[in-house]
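Please build the complete structure, drawing on both the sequences and the hints.
Protein chains: 2
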Amino acid sequence: MNKKRTEIASLGEFGLIDRLTANFKQHHDTTLCGVGDDGAVVTTKEDEELVMTTDSLFEGVDFDLTYCPMKHLGYKVVTMAVSDILAMNARPRQLMISLGISSKIPVEALDDLYAGIRFACAEQEIDLVGGDTRASMTGLVITATATGVAKKGTITYRSGAKQHDLICLTGSLGAAYMGLQLLEREKRVLADVANPEPQFKGYEYLLEKYLKPRPRTDIIDLLEEEGIVPTAMIDLTDGLASDLMQLCRSSKCGARIYLERMPIARQTSELSEEMHLDPVIAALNGGEDYELLFTVPLSMQEQVMRLGVVDVIGHITAEQTGCYLVTPDGGEIKLKAQGFPEQEA
Amino acid sequence: MNKKRTEIASLGEFGLIDRLTANFKQHHDTTLCGVGDDGAVVTTKEDEELVMTTDSLFEGVDFDLTYCPMKHLGYKVVTMAVSDILAMNARPRQLMISLGISSKIPVEALDDLYAGIRFACAEQEIDLVGGDTRASMTGLVITATATGVAKKGTITYRSGAKQHDLICLTGSLGAAYMGLQLLEREKRVLADVANPEPQFKGYEYLLEKYLKPRPRTDIIDLLEEEGIVPTAMIDLTDGLASDLMQLCRSSKCGARIYLERMPIARQTSELSEEMHLDPVIAALNGGEDYELLFTVPLSMQEQVMRLGVVDVIGHITAEQTGCYLVTPDGGEIKLKAQGFPEQEA
Chain A
49 MNKKRTEIAS
59 LGEFGLIDRL
69 TANFKQHHDT
79 TLCGVGDDGA
89 VVTTKEDEEL
99 VMTTDSLFEG
109 VDFDLTYCPM
119 KHLGYKVVTM
129 AVSDILAMNA
139 RPRQLMISLG
149 ISSKIPVEAL
159 DDLYAGIRFA
169 CAEQEIDLVG
179 GDTRASMTGL
189 VITATATGVA
199 KKGTITYRSG
209 AKQHDLICLT
219 GSLGAAYMGL
229 QLLEREKRVL
239 ADVANPEPQF
249 KGYEYLLEKY
259 LKPRPRTDII
269 DLLEEEGIVP
279 TAMIDLTDGL
289 ASDLMQLCRS
299 SKCGARIYLE
309 RMPIARQTSE
319 LSEEMHLDPV
329 IAALNGGEDY
339 ELLFTVPLSM
349 QEQVMRLGVV
359 DVIGHITAEQ
369 TGCYLVTPDG
379 GEIKLKAQGF
389 PEQEA
Chain B
49 MNKKRTEIAS
59 LGEFGLIDRL
69 TANFKQHHDT
79 TLCGVGDDGA
89 VVTTKEDEEL
99 VMTTDSLFEG
109 VDFDLTYCPM
119 KHLGYKVVTM
129 AVSDILAMNA
139 RPRQLMISLG
149 ISSKIPVEAL
159 DDLYAGIRFA
169 CAEQEIDLVG
179 GDTRASMTGL
189 VITATATGVA
199 KKGTITYRSG
209 AKQHDLICLT
219 GSLGAAYMGL
229 QLLEREKRVL
239 ADVANPEPQF
249 KGYEYLLEKY
259 LKPRPRTDII
269 DLLEEEGIVP
279 TAMIDLTDGL
289 ASDLMQLCRS
299 SKCGARIYLE
309 RMPIARQTSE
319 LSEEMHLDPV
329 IAALNGGEDY
339 ELLFTVPLSM
349 QEQVMRLGVV
359 DVIGHITAEQ
369 TGCYLVTPDG
379 GEIKLKAQGF
389 PEQEA
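Residue numbers (this note's numbering), protein chains in the order written: chain A, 49 to 393; chain B, 49 to 393.
Hints in this document: simulated from the structure, not taken from any laboratory.
Just so you know, not all the hints are guaranteed correct.
Put simply, identical chains are the same to the list, so a pair is met inside one copy or across any two.
Calculated cross-link-like contacts (lysine-lysine; reagent style DSS-like; alpha-carbon spacing at most 27 Å) [stated by the list, open to error]:
{"id": "1", "residue 1": "Lys200", "residue 2": "Lys152"}
{"id": "2", "residue 1": "Lys152", "residue 2": "Lys384"}
{"id": "3", "residue 1": "Lys73", "residue 2": "Lys300"}
{"id": "4", "residue 1": "Lys119", "residue 2": "Lys52"}
{"id": "5", "residue 1": "Lys260", "residue 2": "Lys235"}
{"id": "6", "residue 1": "Lys152", "residue 2": "Lys199"}
{"id": "7", "residue 1": "Lys152", "residue 2": "Lys52"}
{"id": "8", "residue 1": "Lys199", "residue 2": "Lys93"}
{"id": "9", "residue 1": "Lys382", "residue 2": "Lys300"}
{"id": "10", "residue 1": "Lys200", "residue 2": "Lys93"}
{"id": "11", "residue 1": "Lys152", "residue 2": "Lys260"}
{"id": "12", "residue 1": "Lys199", "residue 2": "Lys300"}
As the structure is a prediction and not an experimental result, all values here were calculated from the model.
Here it is, written out as structure tokens:
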């Protein structure tokens, strides 16, 4: 292997920014000024409100470059930001990327990072409008700031869930977490091997969920088609238990979710078994699923079921009743934000 | 000294965010949803456009905690973001702060950081609407994302300068750079002293310009009162030479600025002499002044002079003539983005 290696210093800050931000297509006429000025300029249509969000990823904490390809990392940071926009029932429009880069990173690695960002922006019709590139003393730091828009009155907050509302969930739980466990295992096993050949066969879905998670824009489309505006919504980043508890905290309510209704993919169960882990732990506490958790009034049960891609996993209760996982025998396990939930009574 | 030290882990992420974001006042009814959801929600008035910008500061690269108090750092990061908004001839409205924090930082230090952010937000009537807090393996990383608004048609880009336009500058040059030199000198001198007493007397202005730079909102007010919309504008962050060259690059033009018109404060000259530095280097290449550099048509000369707080330091020329500093004897020194400018002919 003799990959070309261009030093960042040879391009200079402006040469680097020009190179990285080339070939991005603009999708929205509400983007008035993009990369290259002190700020980006955007506007909204008359009946729209603007949503903004910002997220950072730190090397060594949020990602490991030994098994996280730069291109996937670029795609994933866009998913992170877009997922927050979707969780407000809004649609993404603009993106700013701030980088902290150490001099040890060659320009080609940043090309790959931006290839992933460019792919995600094209797929999700997002305009790259700016950012900032600085030296970092240590690892790579990527901050994504995204905007989105929603028609007035359709933005969904975390705080709107009401007693008896149904708790709905897209996709499956814990797959990204198990993908990460698999990557960590192969890294340990192959640490001293000259030509490592990691064993991923049969677990491709888990790897994709961890390395290249897709934001659930399709769900926002489906909800709109069905005329459903959720009462509350949050995206799954910290694990179902933690994120549901946040929604309940904002909505001043409690929740009951049912163990037998947890959507757990076959590969998640199989790898859990192989690694002697409880798949329920992965489902409740595994982060980075980037699925959507939302609530709708009980009267909408049929409409939600008709979507075909949503599981109803429980319902909202009064605040003082707390947040619990109900087991098939009727036992109740108190949800905790971290670690395995404590068994109660 | 026995300052209270609370570990971040004892509060948890949500406890920490609640503590840091308490006591922020909201100033604008266009802020529809602030801290505490997946995203912030904002709107603009009918005749307004929105400006967005993002900037990061990295410990060890952009600041040194041995002499940069946390409260000043909080103030300064808001100035950085606001200054970019002002440079678009817009006014700041909302702010998001993303932190990367190492576990060695006590909660009290973050309280101080947010006290500075809170002070700046109150002074400049900005609404804190969100952010993100994550672990960082090493130093502190602070990312500020700001929004601002301007009436349609009044946003000023870097790209609008025309031949013969006047080059105007607020404040003085190189003071922040000399403030940094002073702090670095005292750090070196007092490295091995038990109870260091740094000597700053007579240089308070330089320290304030480095540690607590104020964004030039007053200039945007004055320009509006006088009915002046600059043809191009940029804020001074990388040094006059570099920032002027960026403006010229965007506007596809050249520039002549005059050495005898460089506004250099007395303290800047005095400390430069004391440290055997050329104050012109500080003026041309010293960064972080957060002053505004803008261009207006020649016909507005009288109006600009009437502002009383702006120096006309040169004029815009054709692109092929390049960017030069003109010395009193008529010599021309080619401007360079970094280091001392090369003498030409």
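Here's how the hints hold up against the structure:
For the homomeric pair lysine 200 and lysine 152, neither the shortest alpha-carbon distance inside one copy (47 Å) nor that between copies (44 Å) is at most 27 Å. Taking the closest pair of Cα atoms, lysine 152 and lysine 384 come within 27 Å of each other only across two copies (26 Å); inside a single copy the shortest separation is 40 Å, beyond that limit. Taking the closest pair of Cα atoms, lysine 73 and lysine 300 come within 27 Å of each other only across two copies (23 Å); inside a single copy the shortest separation is 43 Å, beyond that limit. Proximity of lysine 119 and lysine 52 under a CA criterion of 27 Å is satisfied intra-copy only: 17 Å inside one chain copy versus 44 Å between copies.
With identical chains, the CA atoms of lysine 260 and lysine 235 are at most 27 Å apart within one copy only, with a shortest distance of 19 Å there and 47 Å across copies. In this assembly of identical chains, the alpha carbons of lysine 152 and lysine 199 never lie at most 27 Å apart, being 45 Å within a copy and 44 Å across copies at closest. In the homo-oligomer, the alpha carbons of lysine 152 and lysine 52 lie at most 27 Å apart inside one protomer (14 Å), although the nearest pairing across protomers, at 39 Å, exceeds that limit. For the identical chains of this complex, lysine 199 and lysine 93 are neighbours both inside a copy (9 Å) and across copies (15 Å), given an alpha-carbon limit of 27 Å.
When the C-alpha separation of lysine 382 and lysine 300 is checked against a cutoff of 27 Å, the pair qualifies only within one copy, where the shortest distance is 17 Å, while the shortest distance between copies is 64 Å. Taking the shortest alpha-carbon separations for lysine 200 and lysine 93, both the intra-copy value of 10 Å and the inter-copy value of 14 Å come in at or below 27 Å. For a Cα distance limit of 27 Å, the shortest separation of lysine 152 from lysine 260 inside one copy, 25 Å, qualifies, whereas the shortest one across copies, 32 Å, does not. In the homo-oligomer, the alpha carbons of lysine 199 and lysine 300 lie at most 27 Å apart inside one protomer (26 Å), although the nearest pairing across protomers, at 40 Å, exceeds that limit.
Checked against the numbered hints given earlier, this structure breaks hints 1 and 6; the rest are met.
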